[in-house]
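A.B. asks: Chain by chain, the residues run as shown.
There are 2 protein chains.
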Amino acid sequence: VDSDAIAGANQRNGQLTKPPGALGRLEDLAIWYAGWRGNPKPTLEHPQVVIFAGNHGVCAQGVSAFPAEVTAQMVANFEHGGAAINQLSKTFGAKMTVYAMALDTPTADFTTAPAMTEAEVVTALQTGWNAVDPESDLLVAGEMGIGNTTAAAALACALLGGNAADWTGRGTGVDDAGLARKTEAVAKALMLHDTSDPLEALRCVGGRELAGIVGAIAAARTHRIPVILDGFICTSAAAVLFKACDGALDHTVAGHLSAEGAHRRLLKELGKEPLLNFGLRLGEGSGAALAIGILQAAVACHSGMATFAEAGVSDG
Amino acid sequence: VDSDAIAGANQRNGQLTKPPGALGRLEDLAIWYAGWRGNPKPTLEHPQVVIFAGNHGVCAQGVSAFPAEVTAQMVANFEHGGAAINQLSKTFGAKMTVYAMALDTPTADFTTAPAMTEAEVVTALQTGWNAVDPESDLLVAGEMGIGNTTAAAALACALLGGNAADWTGRGTGVDDAGLARKTEAVAKALMLHDTSDPLEALRCVGGRELAGIVGAIAAARTHRIPVILDGFICTSAAAVLFKACDGALDHTVAGHLSAEGAHRRLLKELGKEPLLNFGLRLGEGSGAALAIGILQAAVACHSGMATFAEAGVSDG
Numbered sequence: 386v387d388s389d390a391i392a393g394a395n396q397r398n399g400q401l402t403k404p405p406g407a408l409g410r411l412e413d414l415a416i417w418y419a420g421w422r423g424n425p426k427p428t429l430e431h432p433q434v435v436i437f438a439g440n441h442g443v444c445a446q447g448v449s450a451f452p453a454e455v456t457a458q459m460v461a462n463f464e465h466g467g468a469a470i471n472q473l474s475k476t477f478g479a480k481m482t483v484y485a486m487a488l489d490t491p492t493a494d495f496t497t498a499p500a501m502t503e504a505e506v507v508t509a510l511q512t513g514w515n516a517v518d519p520e521s522d523l524l525v526a527g528e529m530g531i532g533n534t535t536a537a538a539a540l541a542c543a544l545l546g547g548n549a550a551d552w553t554g555r556g557t558g559v560d561d562a563g564l565a566r567k568t569e570a571v572a573k574a575l576m577l578h579d580t581s582d583p584l585e586a587l588r589c590v591g592g593r594e595l596a597g598i599v600g601a602i603a604a605a606r607t608h609r610i611p612v613i614l615d616g617f618i619c620t621s622a623a624a625v626l627f628k629a630c631d632g633a634l635d636h637t638v639a640g641h642l643s644a645e646g647a648h649r650r651l652l653k654e655l656g657k658e659p660l661l662n663f664g665l666r667l668g669e670g671s672g673a674a675l676a677i678g679i680l681q682a683a684v685a686c687h688s689g690m691a692t693f694a695e696a697g698v699s700d701g
Numbered sequence: 386v387d388s389d390a391i392a393g394a395n396q397r398n399g400q401l402t403k404p405p406g407a408l409g410r411l412e413d414l415a416i417w418y419a420g421w422r423g424n425p426k427p428t429l430e431h432p433q434v435v436i437f438a439g440n441h442g443v444c445a446q447g448v449s450a451f452p453a454e455v456t457a458q459m460v461a462n463f464e465h466g467g468a469a470i471n472q473l474s475k476t477f478g479a480k481m482t483v484y485a486m487a488l489d490t491p492t493a494d495f496t497t498a499p500a501m502t503e504a505e506v507v508t509a510l511q512t513g514w515n516a517v518d519p520e521s522d523l524l525v526a527g528e529m530g531i532g533n534t535t536a537a538a539a540l541a542c543a544l545l546g547g548n549a550a551d552w553t554g555r556g557t558g559v560d561d562a563g564l565a566r567k568t569e570a571v572a573k574a575l576m577l578h579d580t581s582d583p584l585e586a587l588r589c590v591g592g593r594e595l596a597g598i599v600g601a602i603a604a605a606r607t608h609r610i611p612v613i614l615d616g617f618i619c620t621s622a623a624a625v626l627f628k629a630c631d632g633a634l635d636h637t638v639a640g641h642l643s644a645e646g647a648h649r650r651l652l653k654e655l656g657k658e659p660l661l662n663f664g665l666r667l668g669e670g671s672g673a674a675l676a677i678g679i680l681q682a683a684v685a686c687h688s689g690m691a692t693f694a695e696a697g698v699s700d701g
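Taken in sequence, the protein lines are chains V and A.
The numbering used here applies: residue 386 is where the first sequence begins, and numbers increase by one.
The numbering used here applies: residue 386 is where the second sequence begins, and numbers increase by one.
Next up, chain V with everything else stripped away, as it sits in the complex (with noise of 0.2 Å):
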């Protein structure tokens, strides 16, 4: 992070037209998205939704309320432009693309085996990795994949702690037998993997296209791209980088709060205040997506406001 331009937009931020502070958080977002961008007064023109979408050898234990075959079939609405992701892509004039992982080899079911070898995540880390473009200036990462919300609940309690129950959630809407099978999957996968190493727990109970976030908000770290995060299977993703390296997400705003029950304890454990809170549960991006239009707007008065010198106006 760019520290002479986050002391310039300070400066600038108590030059504008208004009374110190009453824009709120929106002064602290356009400050950290000057200090990521190394522009005082910077702009925001090419926002990015990439999503990721994998099949989850898991689904063999009854976790999910939707058939697996709903993966493939959703990525196809992605392409045609159906999906809620597509519409919130362009209400905010995002470029969207859509990675569809290896969908006819799903991850091995975790409760038995590692989900992916070796090779398998390092290479969904690398589509993740490639797919942010250099170009662009804010990154939201989703993901589709039925099956996700178990990988994500084992990765949050491999990598945080706590019992499998404190994780597991019902998903798209599983019922309570549903739930059940998907507490006891995540609680078997805990005692048989060694998930002390996070890269290691993102092999053995994740998914591929929650590697492909990781690789995302990696290399967006490197091309110096604010990201914001997604609901809790995108920031179960990112907290395997929260915790293979601090700060490690400090490139990153939390965009919604979901309705999935264990994303709030997830968010206070990586630090992060959700900028908004809608009771969405869907996944894609959505949440992160519709946060795009709260930072292009505390952009847009950072840096469009008049000064009061320019203004004319007194100060108080």
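Keep in mind the hints are simulated off the structure, nothing from the lab.
Check each hint, because a few of them may be wrong.
[Unchecked claim] In silico contact screen, one side only, chain A against chain V (beta carbon under 7 Å); selected entries:
1) Ala-392
2) Gln-396
3) Arg-397
4) Pro-452
5) Gln-681
6) Ala-685
7) Gly-689
8) Ala-696
Idealized CB from N, CA, C, for every residue including glycine.
Go by the hints and put chain A onto chain V.
C.D. replies: Chain A in isolation, oriented as in the chain V frame:
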């Protein structure tokens, strides 16, 4: 409100390619919007922001941290594109118009006389009414007026009861002595005037820009244009309609919870849950304008998403 459009929108919502309820409050917003627009698959393409500015005789009581000249200076800033509301309007594609309401003739100091004559309040209501473009499909009504948190506090207290201190806050940032003077001015006004009729309360302790907002919200209702309410001052003006007629604010949502403390109490009285909470306390319609993107997103998802049948997605 059009119950056929609501029924049609509800039916459509149940067929979209997402788990039931997965878009949370966005679904409710889209259906509410569809009802007021009379269209089960509405568009939101022409948002309008109108800003009313007025000056206040009660400034003689030392109730603001800024001198009264700032109202006219900020109107010039709005006209030249330099204020926060200009940037927010541009970000979300809203047309913005500004009404300077007799700035050289402040209202009377309402601690000693009614703020406006009947002719003055009627003129201000008409300006607000006529400011609404019948072709717009969303309205934000904002305000600027040094001293107007004092007027808004007096108006809210007159309409909704409680003590002067319950409704009086720091506005643009008065110190403790300024806050004491504001509270005293509000208390004096309520002793002086008979404010049992909501419109008479507006005349005696309101201001021209508050009356402008009242007129605009009422006009929007007749044109079936949904309204996003802004912060404390806008909401206090809206409360005139709330007290005058049951359901008069059903075509409105609260955009943002202001950092001006009494706004929470005011929204609670009106039964409105704010969409956003970023600690803004600027006025100008800024909190409401920030929420335009949320409504655009809600409507875009509702009207743009494919149904399960259209996309060939299994619906669980």
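A.B. asks: Which earlier hints can't be squared with this structure?
C.D. replies: Violated: hints 1, 2 and 3.
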